[in-house]
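A.B. asks: Heads up: the sequence shown begins at 1 in the working numbering, then just goes up one per residue.
Any given hint could turn out to be false.
In silico DSSO-like links for lysine-lysine, alpha-carbon gap of 27 angstroms or less [as the list claims (entries may be wrong)]:
1. Lys369 / Lys136
2. Lys281 / Lys335
3. Lys624 / Lys580
4. Lys312 / Lys335
5. Lys669 / Lys624
6. Lys669 / Lys701
7. Lys542 / Lys349
8. Lys500 / Lys369
9. Lys254 / Lys166
10. Lys569 / Lys542
11. Lys569 / Lys540
12. Lys254 / Lys278
13. Lys473 / Lys542
14. Lys542 / Lys580
15. Lys369 / Lys335
16. Lys411 / Lys136
17. Lys254 / Lys335
18. Lys166 / Lys411
Between beta-carbon pairs, the in silico distance windows are [unchecked claim]:
19. Glu543 / Pro506: 24 to 30 angstroms
20. Pro164 / Pro506: 26 to 32 angstroms
21. Asp718 / Asp603: 45 to 51 angstroms
22. Ser456 / Glu290: 20 to 26 angstroms
To be clear, the hints were calculated from the coordinates, so they are not data collected in a lab.
Yeah, the Cβ is synthetic: ideal placement off N, Cα and C, and Gly gets one too.
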Amino acid sequence: MKSGIITVLLFVCICGMIFAAGSEESASSSERGLYLAEQGLVIPPEEVYTNSYIASIDYGYPVPDEGFGVYLYSSNKQVSSLGQEVLLQFGIQGSDLAFEQLPPMNLVYVIDTSSSMNDEDKIEWVKQGFEIFLDKIRDQDYLSLVTFSDEPEVVFSSTRMDSPEKRRRFRDAVLNINPSGGSNLEAGLETGYEQILANYRTEYINRVLFLSDGTEFSSRLAREGAQSGDIRISLIWENYNDLDLHVRAPGGEKINYAQRISRSGGRLDVDMNAGGEKSSKPVENIFWGEGAAVAGTYSVSVVNYSYHEPFKGEFPFSVEIKNGDEYSHFEGTIKGAKTEVQVAEFEYKTSGSIKREKASIYELASAYKDMGINISTIGVGVEFDVDMMTTLAKEGGGSSRFISGRDEMEKIFGSEFARMAVPLARDLNIEFTFDTDVRILDTWGYNHEINENSVSYYLPTLHLADYETILLKYFLPEQSSAGELPVGSLNINYTDLFGKPGRIAPLAHRLTVVEGEAPVTGISDAMLLHSGNMMLFAEKLKEIGELYYTALALINYQGDEAAGTEKLKNAMELTSALKKQLLNARLRLDQEDYFTDQITILDNYITALGEDMGIDSVLIAEQKNNTEIDPSISLRALDLRITDLCNEILLELDGADEPTVALSGFSSKDGVEYPMLGYLEEISSLTFSRNSGISLIERNKLDEILEEQKLGLTGLLDTDSAVEVGNLLAVRYIVTGTVIPMPGSVVVFSRLIDVETAEILNAAQVILSRADTGGLMDM
């Protein structure tokens, strides 16, 4: 980055997971974010794909013995009769098979061998990955290898790998790969498909595995942290001279070095070789962000502003235009200072106008997908085109991955291979239909269409052992009466690998309506507490990035330091609130490895933003340590709020066959015996004992076990300890309660733990002001 106002390092590695879901895994999420952070780059907001952040987590859906399972989770069991937002999660989990049980395969590896693959030993990662893969390949499988740089080359033609000699020849071919030259992606892909067709069989898995670290354009754009969107126009050349990119938008407004931000939504965000900082590998970039570009004609030209080299003659340049999903390239030469060369004109059509034709590389992938030949894309390093690789995988019915190092590459070729390459079902049509009036607010996950009372999704391929996640947010309006409310149902139709239609029986979604305000504070379902906060993190990450880049433009390009600093202040407030939210969720879930990297990101933001606003280090440290959660404003009496909290837990047990439950009571996080603890225990015991559908263990038995184990109630905050006590009591579930006192507020939360699986099923809470407790938190 040329600006010095902020250096923000993003360490976006979600819960330690290297891979995400097969379709929405995307080379744009966790692992790529971590890699970008290690390069000292800020993630542009358009690279934060919320779908991918949500899907990147293995939420631990039950794995079926065959086929795939579908699961439905709701953020809350109870909702307010006055109206409330609800978040739904649809989980899909594929069955698993050992490698030797997989169907026969017809595979081609298409490997980018441009000179940049020598950087950071990337080509060596690939070679070592093949060593692992060749130990797994079977006699019935067909394998081929295509490399591409300036031109494609068939290094190993499609061959049935039924002898040690053939494996040796393939290994030798891999070891002799030597990167050099440019990167002709489309020609490489076309040649790869030709190799698949040589031994195409409908009963085989026919798959292209496409590895690339990008083009010269994507390399330089990534190096400078350039942004993209509806339209991106980029210029590269090979010397120290100062070339300028000029773009005229519909209506005649021009964007260039003199007018960096336009009224039409365009922005020049990279301008190289203009001043003291010069490069022999420069790039300039003008873009319109997502939803910003207007329909009409755009014209592009290049101006040689000044020579910075002794040679004053003619020299070449290249321009790349991203027009929606279409990519086009133009080569030209320029001579003479202040000379302008017209490059191209193009029409941009908004998503609401006539449907744009797909770029030829996507048409190619889509056409072969219809034959049952899919593609998986693997981005290597930081410099590939995220949007292109992700879109290519979607059009080709496959998955996209990002590889930042040797360990990840070995998993791609080894333990994670089936999740990338082996289909389990195709053409999944997923529909959720509401039975009652709601307002659909948003959804995340796959191609979707929102209708009046339903949302439909299309997933082209579900891979073996894969997990897929969809979130749907809606607003349930005011209800005239309390009680159970049927809300809607989830249906899935699909095609199996033999072309036969299949259907998953509808899953019903019901809620309990409670009179008055929202019964509990925030999300209570543990699954949604995890996924919902990943969704929130990604959405807020985009907002923080937008504030950052706007501040950059205001300060560096418009000289408006006051406005830029105000944006930084807004970013700081957003960052601090988000960190508190994640800390609260992690505490309730009792998972120290959850949100660790996200919290690290936010701490880095607090430091960097604080320094740029001139805040001293002591105040920055105080900001990091401030975990006070704002209390929820409520007119509901304290005893009713605690009863609601207990009922939220009890509703999780609906449908269980006379479950045995141990109720631990409440302890305080700081170990102090507040009067509030006895009050909470009294209400919760009364609420649970009224439920005739459960078998409640007597409290004296719990006390005996705690004494034997030398544990206090505070020790049950640890899930492992709670599970151990539950096993000794011979119960299926144990309910623990915790009070967290803060200077101005009190958090009361209760968790339901499945003793058999050690899972936290529910983590409901209410957040009270000190005044709401009526002195029960005084000592």
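A.B. asks: Would you mind marking each hint as holding or not holding in the structure?
C.D. replies: Do the hints match the structure? See the list:
A threshold of 27 angstroms between alpha carbons decides the hint, and for lysine 369 with lysine 136 the separation of about 26 angstroms falls inside it, so the pair holds. Between lysine 281 and lysine 335 the alpha-carbon distance is near 19 angstroms, which keeps this suggested pair within the 27 angstroms criterion. Between lysine 624 and lysine 580 the alpha-carbon distance is near 9 angstroms, which keeps this suggested pair within the 27 angstroms criterion. Between the alpha carbons of lysine 312 and lysine 335 the distance comes to roughly 8 angstroms, so the proposed pair stays at or under 27 angstroms and holds.
Between lysine 669 and lysine 624, the direct Cα distance comes to roughly 20 angstroms. Compliance with the 27 angstroms bound is thereby established for this hinted pair. Among the hinted pairs, lysine 669 with lysine 701 is consistent with the structure: their alpha-carbon atoms are about 23 angstroms apart, no more than 27 angstroms. In summary, the hint linking lysine 542 to lysine 349 is supported, as the alpha carbons are separated by about 25 angstroms, within the 27 angstroms threshold. For the hint pairing lysine 500 with lysine 369, the CA-to-CA distance comes to about 17 angstroms; that is within 27 angstroms, so the pair holds.
A distance of roughly 60 angstroms separates the Cα atoms of lysine 254 and lysine 166; the hinted pair therefore is violated under the 27 angstroms criterion. Proposed proximity of lysine 569 and lysine 542 is supported: the alpha carbons are some 16 angstroms apart, at most 27 angstroms. The straight-line distance between the Cα atoms of lysine 569 and lysine 540 is roughly 15 angstroms, inside the 27 angstroms bound, and the hint therefore holds. For a cut-off of 27 angstroms, the pair hint linking lysine 254 to lysine 278 stands: about 25 angstroms separates their Cα positions.
For a cut-off of 27 angstroms, the pair hint linking lysine 473 to lysine 542 stands: about 19 angstroms separates their Cα positions. Simply put, lysine 542 and lysine 580 have alpha-carbon atoms about 18 angstroms apart, close enough for the 27 angstroms limit, and the pair holds. Distance check on the hinted pair: lysine 369 and lysine 335 sit about 46 angstroms apart at the alpha-carbon level, beyond 27 angstroms; violated. The hinted pair formed by lysine 411 and lysine 136 meets the criterion: a straight-line CA distance of about 13 angstroms does not exceed 27 angstroms.
Between lysine 254 and lysine 335, the direct Cα distance comes to roughly 22 angstroms. Compliance with the 27 angstroms bound is thereby established for this hinted pair. Distance hint between lysine 166 and lysine 411 is fulfilled; the C-alpha atoms sit about 24 angstroms from each other, no more than 27 angstroms. The beta-carbon spacing between glutamate 543 and proline 506, approximately 37 angstroms, falls outside the hinted interval of 24 to 30 angstroms. For the pair proline 164 and proline 506, the supplied restraint of 26 to 32 angstroms is violated, since their beta-carbon distance comes to about 52 angstroms.
For aspartate 718 paired with aspartate 603, a C-beta distance near 25 angstroms fails the hint of 45 to 51 angstroms. Between serine 456 and glutamate 290 the C-beta distance comes to about 23 angstroms, which sits within the given range of 20 to 26 angstroms.
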